[in-house]
Amino acid sequence: MRNSIDTGAVICSVFAAVALFGAGSLLALMGYLVLKGLWPPMRALAALIFAHSGDSLLSIWIRSLFLLLAATLLALPLAIGTGIYLSEYTRQNRARELILSNIAGLGEMPPVVYGLVGWGALAPYFGEDRQTLVIVLTASVWLLPQLIVAAYWALQEIPVSFRRDSLALGATRWQTIRWTLMPYSGRLLAAKTLEGMARVGGEAAPVIMVAAAWPDSSKQPLHILPYYLYRSLIEAVDPATTRHFGAALLLVLTSVCFQWAALRLRRTGVVAGDTLPGLRKR
Amino acid sequence: MRDSKLVVRNLSVYYGDFQALRSINLSIPLGAATAVIGSSGAGKSSLLRALCRMNELWDNVRTEGQVLLDGQEIYGPDVDVTEVRRRVSLIARHPYPFPKSIFDNVAYGPRLHGIKDKRKLDEIVKRSLKQAGLWNEVKDRLQESALNLSPGEKARLCIARSIAVEPEVLLIDDPTYHLDPVSAAKVEDVILELKQKYTLVFATNSMQQAGRVSDYVAFLSEGALVEFGPTSEVFARPKDRRTEDYITGRFS
Numbered sequence: 001m002r003n004s005i006d007t008g009a010v011i012c013s014v015f016a017a018v019a020l021f022g023a024g025s026l027l028a029l030m031g032y033l034v035l036k037g038l039w040p041p042m043r044a045l046a047a048l049i050f051a052h053s054g055d056s057l058l059s060i061w062i063r064s065l066f067l068l069l070a071a072t073l074l075a076l077p078l079a080i081g082t083g084i085y086l087s088e089y090t091r092q093n094r095a096r097e098l099i100l101s102n103i104a105g106l107g108e109m110p111p112v113v114y115g116l117v118g119w120g121a122l123a124p125y126f127g128e129d130r131q132t133l134v135i136v137l138t139a140s141v142w143l144l145p146q147l148i149v150a151a152y153w154a155l156q157e158i159p160v161s162f163r164r165d166s167l168a169l170g171a172t173r174w175q176t177i178r179w180t181l182m183p184y185s186g187r188l189l190a191a192k193t194l195e196g197m198a199r200v201g202g203e204a205a206p207v208i209m210v211a212a213a214w215p216d217s218s219k220q221p222l223h224i225l226p227y228y229l230y231r232s233l234i235e236a237v238d239p240a241t242t243r244h245f246g247a248a249l250l251l252v253l254t255s256v257c258f259q260w261a262a263l264r265l266r267r268t269g270v271v272a273g274d275t276l277p278g279l280r281k282r
Numbered sequence: 001m002r003d004s005k006l007v008v009r010n011l012s013v014y015y016g017d018f019q020a021l022r023s024i025n026l027s028i029p030l031g032a033a034t035a036v037i038g039s040s041g042a043g044k045s046s047l048l049r050a051l052c053r054m055n056e057l058w059d060n061v062r063t064e065g066q067v068l069l070d071g072q073e074i075y076g077p078d079v080d081v082t083e084v085r086r087r088v089s090l091i092a093r094h095p096y097p098f099p100k101s102i103f104d105n106v107a108y109g110p111r112l113h114g115i116k117d118k119r120k121l122d123e124i125v126k127r128s129l130k131q132a133g134l135w136n137e138v139k140d141r142l143q144e145s146a147l148n149l150s151p152g153e154k155a156r157l158c159i160a161r162s163i164a165v166e167p168e169v170l171l172i173d174d175p176t177y178h179l180d181p182v183s184a185a186k187v188e189d190v191i192l193e194l195k196q197k198y199t200l201v202f203a204t205n206s207m208q209q210a211g212r213v214s215d216y217v218a219f220l221s222e223g224a225l226v227e228f229g230p231t232s233e234v235f236a237r238p239k240d241r242r243t244e245d246y247i248t249g250r251f252s
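Listed in order, the protein sequences are those of chains L and W. With this note's numbering, the residue at position 219 of the first sequence is 219, and numbering never jumps. With this note's numbering, the residue at position 206 of the second sequence is 206, and numbering never jumps.
By construction, these hints were calculated from the structure, which means they are not laboratory data.
Calculated from the model, a selection of chain L residues having no Cβ within reach of chain W, i.e. all distances over 12 angstroms:
#	residue
1	Ser59
2	Glu108
3	Val141
Residues from chain W shown here face chain L by an in silico Cβ test under 8 angstroms; the list is partial:
#	residue
4	Asp59
5	Pro99
6	His113
By construction, the Cβ of each residue, glycine as well, lies at the ideal position given by its N, Cα and C atoms.
Based on the provided sequences and hints, a complete structural model is requested.
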C-alpha cells in the first residue's frame, strides 16, 4: 500500500525537478552571462554600453527596439483588419480553414525563409541606401502572418454570447466589433503581439541573409542586437572581449521582459475566470 | 381576439438539411404574453430567433415564409435588420451581461442608437432597471461590474438591457433557465409587470410558468405548430391529443 504512495511521490518529484530545471536554467544562463560578461570587467562593459560611439551596445539595443517597433506598427493594422475579416465576416467553412492554416503555416516558417524574402526581393528592390527599410520590412513580413493568427484567435476567444446579445439589441456588425469585441480582445492580441516581437526581435537569421546582399557594406542599420552578437562572435577580433556576453545578456533580458509582459496581459484577460462553456463561436 | 402584432406565415427554418420549423402559421396578439411550449428540440428557440432575424447569425440557416411586424414583412429586401432587432428584442437563453459596469450594460443599447446625453442615459438606465425590478438592489452600485451580480440579478439585468432600447416586442427564451425557485419567481413577477407594456413572447419548459404568466399559448412539436389559443382554453380543453399528453405530462 505504501508502495503506491511512494510511486506517486517519485513521479511528482521527477516532474517537480523538470519544472525547477526549466525555471532554473534561464536563471543559470543569465547568471553565466552576468559572470562572463559583467563581473570581471564591469567598468569596461559599462563603458561599452554607454559609450558615445555609434555602435555601443546601448545604441544597438535602442536601434533594435526601434526597428522592431516600426516593423510591428507596420504589420499590426493590416493584421488586425485581416483578423477581423476572417473571424467576423467570413463563414466558417473549408475555405476559411484552409486560409487560416496557410497563414498559420507562414507564421511558423523557419526564419531563414524570411531572410530569403529580404535578400531576394526586398534588398535588390530598395538598394543599399535603404537598408533600414529592408530590415524593417523583412521583420514585418514575418510578423504579419503571426499577428493575423493572433488577432483571429483573440476575437474567437470572446464568448459568442457577446456578439449575440449585442446584435439582439440592434447593433450593426461593425458596432459589435468596435464596442464589444475589440475592447475585450485587445489584451490577448497585445500579449500575442509581444510574444511575436520577442521571437522576431531575437532572431539573427533574416538579418544575416539580408546582410549577404551587401557583403561589403559598412553601414550601421544592420547592426541590430542578434546580428551584432553573431558578428562579434565570427569576427572575434579580440577573444577576450566581453561584448558578446553583454549582448547575449541584453538579448535574453529583453526577451524575458517581453514574455513576462505578455504573460501578465494574458492573465488579466476578460475571459479569464469568466468562462462560458458551450458559448464559444460556432 | 386581440389585434396581431406579429403574423407568421408558412415559416420554415432549416439548418443545413435539418428542418427545425415546419410551415408555421401564427398570429402573436398585441399587448399580451404568449408562451411557446414544447419539448427540447421542438423548435421554440428557432421560432423566437426567426421572429427577430437572429437566426441569420448561424452560418448554414435557411428561412422560408413570412414574418409580418405591424403588417410589414421583416425578411423583405429593403428592411434594416438592426431596426427589426431593436423593435423586436430577443433575450437569449442564458443571457449574459457584458463585462462592463451595471450602468454601461443597460446604457449599451441606447448608446448604440446614438443617445449620448448623460442625463438622458441616467434616466433610461433608472427606468429600465426599475421595470426589471432591479433598481432597489443595484442603485448604489451602478458602477460596479455586472459580473458580480447573482444569476437571478443577471437575468433581470439582461431584461433591463433589452428594455432600454424601447422595443415593441420582447422575446424571452426560457427566462428562468437554470435559476433557483426564488430568483425564478422574481423574474416571473417582472414578466407579469412587463406584459402590461409590451407584446411578450417567451419560450418555456415549465407548464406552471406558462399557466401563471401567459395569456396565449403555442404548442410546438417536432417543428410544427400543433395548437395555439388562449392559455385557459388550451390548458382546460386541448383540441389535439398531443397537446393534452404534453401538458398533462404523459409524454415520456
